[in-house]
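There are 2 protein chains.
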Amino acid sequence: MPSTIRVSTDPGEPGSDTESRAATCASIEGLSTPALLLDESRMMRNITRLRARLAERGVTLRPHLKTPKSIEVARRVMDAPGGPATVSTLLEAEQFAAGGVRDILYGVGVVPSKLERVTALRRQGVDLSVVVDNVDAARAVAEHSRRTNDRIPALIEIDSDGHRAGVRCEDTGNLLAIGNTLHEGGAELRGVMTHAGESYSCTSIEAIVAMAERERFAAVGCATVLRAAGLPAPVVSVGSTPTAHFAADLTGVTEVRAGVFVFFDLVMAGLQVCAVDDIAVSVLATVIGHQPSKEWILVDAGWMAMSRDRGTASQRIDQGYGVVCSVDGVLYPDLIMIQANQEQGIIAVRSGSGASLPELPIGSLVRILPNHACATAAQHASYELIRTGSREIAAQWPRFRGW
Amino acid sequence: MPSTIRVSTDPGEPGSDTESRAATCASIEGLSTPALLLDESRMMRNITRLRARLAERGVTLRPHLKTPKSIEVARRVMDAPGGPATVSTLLEAEQFAAGGVRDILYGVGVVPSKLERVTALRRQGVDLSVVVDNVDAARAVAEHSRRTNDRIPALIEIDSDGHRAGVRCEDTGNLLAIGNTLHEGGAELRGVMTHAGESYSCTSIEAIVAMAERERFAAVGCATVLRAAGLPAPVVSVGSTPTAHFAADLTGVTEVRAGVFVFFDLVMAGLQVCAVDDIAVSVLATVIGHQPSKEWILVDAGWMAMSRDRGTASQRIDQGYGVVCSVDGVLYPDLIMIQANQEQGIIAVRSGSGASLPELPIGSLVRILPNHACATAAQHASYELIRTGSREIAAQWPRFRGW
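If you're matching them up, the sequences are chains A and B in order.
Under this note's numbering, the residues of the first sequence are numbered 481 to 883, in order.
Under this note's numbering, the residues of the second sequence are numbered 481 to 883, in order.
No lab work stands behind these hints: they were computed from the structure.
One thing to keep in mind: the hints can contain errors.
Since the list gives no way to pick one copy over another, a pair counts as held whenever it fits inside one copy or between any two copies.
Stated by the list, open to error - For lysine to aspartate or glutamate, the following DMTMM-like pairs were computed, each having C-alpha atoms within a straight-line distance of at most 25 Å:
no.: 1; residue 1: Lys774; residue 2: Glu536
no.: 2; residue 1: Lys774; residue 2: Asp798
no.: 3; residue 1: Lys774; residue 2: Glu596
no.: 4; residue 1: Lys774; residue 2: Asp641
no.: 5; residue 1: Lys774; residue 2: Glu552
no.: 6; residue 1: Lys774; residue 2: Glu693
no.: 7; residue 1: Lys774; residue 2: Glu650
no.: 8; residue 1: Lys774; residue 2: Glu509
no.: 9; residue 1: Lys774; residue 2: Asp757
no.: 10; residue 1: Lys774; residue 2: Asp559
Just need the whole structure built from these sequences, with the hints factored in.
Quick look at the structure:
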């Protein structure tokens, strides 16, 4: 099979090909399945949409690169090769720094044991900033700044929706204590950040708009509290894919973070943040069997290829483990992956639908759109780049993983 | 931090260290979190238990290596360095063949496009057998056997529980058609295999015993049908971790497959197949914050480190994203990961429990036992080997991934 492109399978070296590889005359049919397809046309459309929206409002986009984990995608979603960007792990920071990104926010609360890696990157000239939401962590950042003679920039995480970490807006005593600990202790207090993770649970666009305003209000309010106390807070960073696309007012906000929008997924489509047709990633799978009495089609993509994410289970339409399209990306009516074993998926018509099962003989290829692009992409070592309407593989882009 | 062992983070080379690496004087405290710990003492106890059980019954263990994806673990769970073993992907077959395994069953229905890789391994001297459950795939295997002048050994998959793929026992016409297509077409009909995946949904040991008998009955019955028609069926292969541990009768069975038992997990503990104390893998995490008003502890392990698997959600006790232990592996009463973001987990006392939240300051280490060992281990590039009661890292064993 000379035209076969395989994900690198040298023993122990998945994804060792760090340069993007141009595929010559290769097509989807030559891929070993399961494989992760990335539709560049759709991705660029998604990027253009959010960038245009934020440009109109004069707000910087600081894309979250935890979704792509690929320097090739990062270069297309960032304003410039140097950033700005957001990451969720220090490995992401290290990998993107190696790819030339110079302005990086590490968006998960930092702990003392990780500060050496922060310093190592900052010594390479990376403007890496960190996040804290408590005095203990702030003290550790300040002490480390003094010890290394480098004012580490830190944002205070604000809890705008009760979703996870962060200081609550009304807890101004704590907010100022953290701010003072950083500012007077030797770190650089750069401002505040918040993430409206609860926007993923909204059931209407109106609710997302309201959530966006709540996110803005909390962040701007906390920045105002810091400034009123004489503390610096130049950066007011907010964001989640839903709120970034529907915020009506961004007054006082200096930057917006969003990640999954670059690919979109069924959860975002269920929230009406995008259309199903905007989803840029899919898993290519091969039909390996049928259970005619049950009207099942079996494919060689199970949860290892799709992830265990069932994010649409709590939405109005439960998409199972994903929505099934033809090899060319055309949706089959109501065809979903209803169950997933480790390396086998079971495809069937959605319960209650009148649609009929398509004719898909053994060896047929299908594409499966994921519930959650971050989780599904994370199961793969590379992207096979395609364009809408074409079966040609334009390139293979490696992804990294780990911490 | 000279004592830090980090998962290989060279750009694009996660897990590129194919040799196990002895760690000198390294301890859990020096690991970068999140990290996957493997307790060798518990693992060896789990292996010994099942091996002894099957040895008593004179049945071969053909361990499923999709769980460990590590040659080091494989060597400890197999009877001999050459196998036998089961795999779920051809990459697993290739990786384990490179590590010296010579008797491998590829346990997921094969399709024509994968037969070249099968042949490549067989030409290296690997006794790689495949699985089919339909005439089309059987014909492809037979034709490929003739073309390559190599009788590819094939097992017919039997559907013993309606769980996924396989020929139904009563469908003897189909069974014989597949058998004849293989045997007369030029392949080697080696027998039958079945997997009682539904045993994961059992709610009592009695139900598992019954499921094991159903699995045995279906496989032995189909082998008998084949033999009565003059077809060979030397191998009768059954198995799942629950049925392997509780089958009362294995008459007529020649080999048992099981995978997750090597590590065990909360789903298996919920099924009473093991005790929570038998679970050999855990995710080491660092406390990064607190939400005192909600009695939450935040850690730097989210679903990327734990996987999205929520297998205990349908069991009597829902363990959230995992059960929390001290750094030394001692359970905290009723402490579980109730929510997971990509790189943050929220730990809290189980709803309704009277237990109190332990004092865990910023920077504290905890271990989290997973719902599903296969899914959680798959999120990591290596195992950090420990022994029960010790904090010393004895070795780092790489895992592979991909297809």
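Each hint tested on the structure:
Neither within a single protomer nor between protomers do Lys774 and Glu536 lie at most 25 Å apart by alpha-carbon distance, with minima of 52 Å and 39 Å respectively. Within a single copy, Lys774 and Asp798 get their C-alpha atoms as close as 20 Å, which meets the 25 Å cut-off; across copies the closest is 30 Å, which misses it. Taking CA atoms no more than 25 Å apart as the test, Lys774 paired with Glu596 passes in neither setting, with 56 Å inside one copy and 31 Å between copies. For a Cα distance limit of 25 Å, the shortest separation of Lys774 from Asp641 across copies, 13 Å, qualifies, whereas the shortest one inside one copy, 44 Å, does not.
In the homo-oligomer, the alpha carbons of Lys774 and Glu552 never lie at most 25 Å apart, since the shortest distance is 43 Å inside one protomer and 40 Å across protomers. For the homomeric pair Lys774 and Glu693, the shortest alpha-carbon distance between copies (24 Å) is at most 25 Å, but the shortest distance inside one copy (48 Å) is not. Proximity of Lys774 to Glu650 under the C-alpha cut-off of 25 Å is restricted to the inter-copy arrangement: shortest distance 15 Å between copies versus 56 Å within a copy. Proximity of Lys774 and Glu509 under a CA criterion of 25 Å is satisfied in neither setting, with 28 Å inside one chain copy and 52 Å between copies.
In this assembly of identical chains, Lys774 and Asp757 lie within 25 Å of each other by CA distance neither inside one copy nor across copies; the values are 29 Å within and 40 Å between. In this assembly of identical chains, Lys774 and Asp559 lie within 25 Å of each other by CA distance neither inside one copy nor across copies; the values are 50 Å within and 38 Å between.
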